[in-house]
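J.: Residue-level listing of the chains:
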Amino acid sequence: MKTQKLFECPSHTWIMFGRDDEKPEAIIDTNQYMVVTKNNSLLMDPGGIELFSAMLAAVIKQVPANKITHLFASHQDPDIISSLGLWDQALPSATLHSPWLWESFIRHFGMNNINYAAIPDEGNILKLDGVALEFIPAHYLHSSGNFNVYDPEAKILMSGDIGAAMEAVDAPLFVEDFDEHAKKMRMFHQRWMPSNEAKNDWVRRVRKLDIEMMCPQHGRIFKGDDVKRFLDWFESLEVGVLNKG
Amino acid sequence: MTDLSQNYFVSVAEIAAKLDQATTIAQKLSLTASNARAVALRAGERAAGFRPLTDFIDRLAEITIGSSKKINQMAAVLSQTSAEKVRADGAILHFNSVYKIAHESPYIHSLDEVYERCKSEQDRLEKTYRRQIEQLSEELATLSSELRNAVILATLSRVEASQAGAQYQDALINVADNVEGAAGKIKNHIKYSQQMVSTLEEY
Numbered sequence: 001m002k003t004q005k006l007f008e009c010p011s012h013t014w015i016m017f018g019r020d021d022e023k024p025e026a027i028i029d030t031n032q033y034m035v036v037t038k039n040n041s042l043l044m045d046p047g048g049i050e051l052f053s054a055m056l057a058a059v060i061k062q063v064p065a066n067k068i069t070h071l072f073a074s075h076q077d078p079d080i081i082s083s084l085g086l087w088d089q090a091l092p093s094a095t096l097h098s099p100w101l102w103e104s105f106i107r108h109f110g111m112n113n114i115n116y117a118a119i120p121d122e123g124n125i126l127k128l129d130g131v132a133l134e135f136i137p138a139h140y141l142h143s144s145g146n147f148n149v150y151d152p153e154a155k156i157l158m159s160g161d162i163g164a165a166m167e168a169v170d171a172p173l174f175v176e177d178f179d180e181h182a183k184k185m186r187m188f189h190q191r192w193m194p195s196n197e198a199k200n201d202w203v204r205r206v207r208k209l210d211i212e213m214m215c216p217q218h219g220r221i222f223k224g225d226d227v228k229r230f231l232d233w234f235e236s237l238e239v240g241v242l243n244k245g
Numbered sequence: 001m002t003d004l005s006q007n008y009f010v011s012v013a014e015i016a017a018k019l020d021q022a023t024t025i026a027q028k029l030s031l032t033a034s035n036a037r038a039v040a041l042r043a044g045e046r047a048a049g050f051r052p053l054t055d056f057i058d059r060l061a062e063i064t065i066g067s068s069k070k071i072n073q074m075a076a077v078l079s080q081t082s083a084e085k086v087r088a089d090g091a092i093l094h095f096n097s098v099y100k101i102a103h104e105s106p107y108i109h110s111l112d113e114v115y116e117r118c119k120s121e122q123d124r125l126e127k128t129y130r131r132q133i134e135q136l137s138e139e140l141a142t143l144s145s146e147l148r149n150a151v152i153l154a155t156l157s158r159v160e161a162s163q164a165g166a167q168y169q170d171a172l173i174n175v176a177d178n179v180e181g182a183a184g185k186i187k188n189h190i191k192y193s194q195q196m197v198s199t200l201e202e203y
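Heads up: the protein sequence lines correspond to chains Z and W, in order. Read in order, the letters of the first sequence correspond to residues 1 to 245 in UniProt numbering. Read in order, the letters of the second sequence correspond to residues 1 to 203 in UniProt numbering.
Mixed in with the good hints there might be a few duds.
[Unchecked claim] DMTMM-like mimics (lysine to aspartate or glutamate), calculated; alpha carbons at most 20 Å apart, straight line: (1) Z:K67 - W:D112; (2) W:K100 - Z:D79; (3) Z:K61 - Z:D77; (4) W:K119 - Z:D88.
Quick caveat, the hints were computed from the structure, so don't treat them as lab data. Keep in mind the model is a prediction, meaning the values are calculated, not measured.
Work out the full structure: start from the sequences and follow the hints.
T.: Right, dumping it as structure tokens:
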């Protein structure tokens, strides 16, 4: 499991975990993100059961276990949060922030200890030691109850499945040639994203945010101008299309 | 039969399912007892020797239903415990793996408290699991012993049926057959369950 620091300032740090070359071949590669503040940490889309040991091992190289106080699941998919039953044992005092829509579904992964903080449809803000992290609505992109995480200070948007691409585990962490990368994203977005209306609404809202880095849950991170290129590309893409690639 | 080293919790669920079938058969035995009483009443004096036997059939049905239900509940609780045990065992395996991968991490010992808690939960579940298996095994043995009476009861019923005259003889022999048949089926389920339980005890 690779670990990459994405942003650092006196109040907080963004760390990415991914490109796990020891994961079973048949499961999709995922990116996990963590924001570390003075006394707390938010672990975002912590991943599937298969990834748990590698993830926990990677995370406690950065912070002690009792500092991982918050988890975030953008939606209900197994690659996002099927490890919950194990985190529930590892972090019994933690809080999971996730869409209200999925609470009774996500609890099927096993949740006896962790507290579920349901995010309302319009989103909300989590403050960790004074650092504000905004849960931005991204419904139907792809899940019907779905959120991104935006950090206005770091100018980072954790975009979940938006901007995702299927890549090899040894792929670079950042997008280098947008046009080449777009080819890898096309089928995923057309097939997984069901609503042009929801997509265009998201693009309109996200264009108003100041974003330096857009971090999807699969594939590469978009930096600088590539964020705007992505928004233009996504806006013009017809989604909800049965495209077999 | 499943591979117990991998799937003992599936075996426990199979035992629970088998014993659920035994409860259904025991309920049919109760119907047989009511039927036997009705036939004996109709036969009057000719079935005078049969009537006390209907009380025994009734008692056997009652004991079997009660015991089957109890065993069935015990098996269901055991099934739940074994599923929890699988999860606890899995968590310990994952934590062991984390200790191995991250042994050089400066924060590795921040997991110690969690590990100890999970380990103690695993131990508690292991003890509960063993105790529940033992209790299930004892209850199965008790019911099995009660069912031995069914064979004697069926034999006596046949003897008394032969005295009841042609009009009621067939119906009463049928009662005897039903008692013997139901008891035999339940015994088979219990025997299968006892075999599975003894394998679980060894595991």
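J.: Does each hint fit the structure? Answer for all of them.
T.: Structure-based check of all given hints:
no.: 1; hint: Z:K67 - W:D112; result: holds, 14 Å
no.: 2; hint: W:K100 - Z:D79; result: violated, 24 Å
no.: 3; hint: Z:K61 - Z:D77; result: violated, 26 Å
no.: 4; hint: W:K119 - Z:D88; result: holds, 15 Å
Of the numbered hints given earlier, the model fails hints 2, 3; all others are met.
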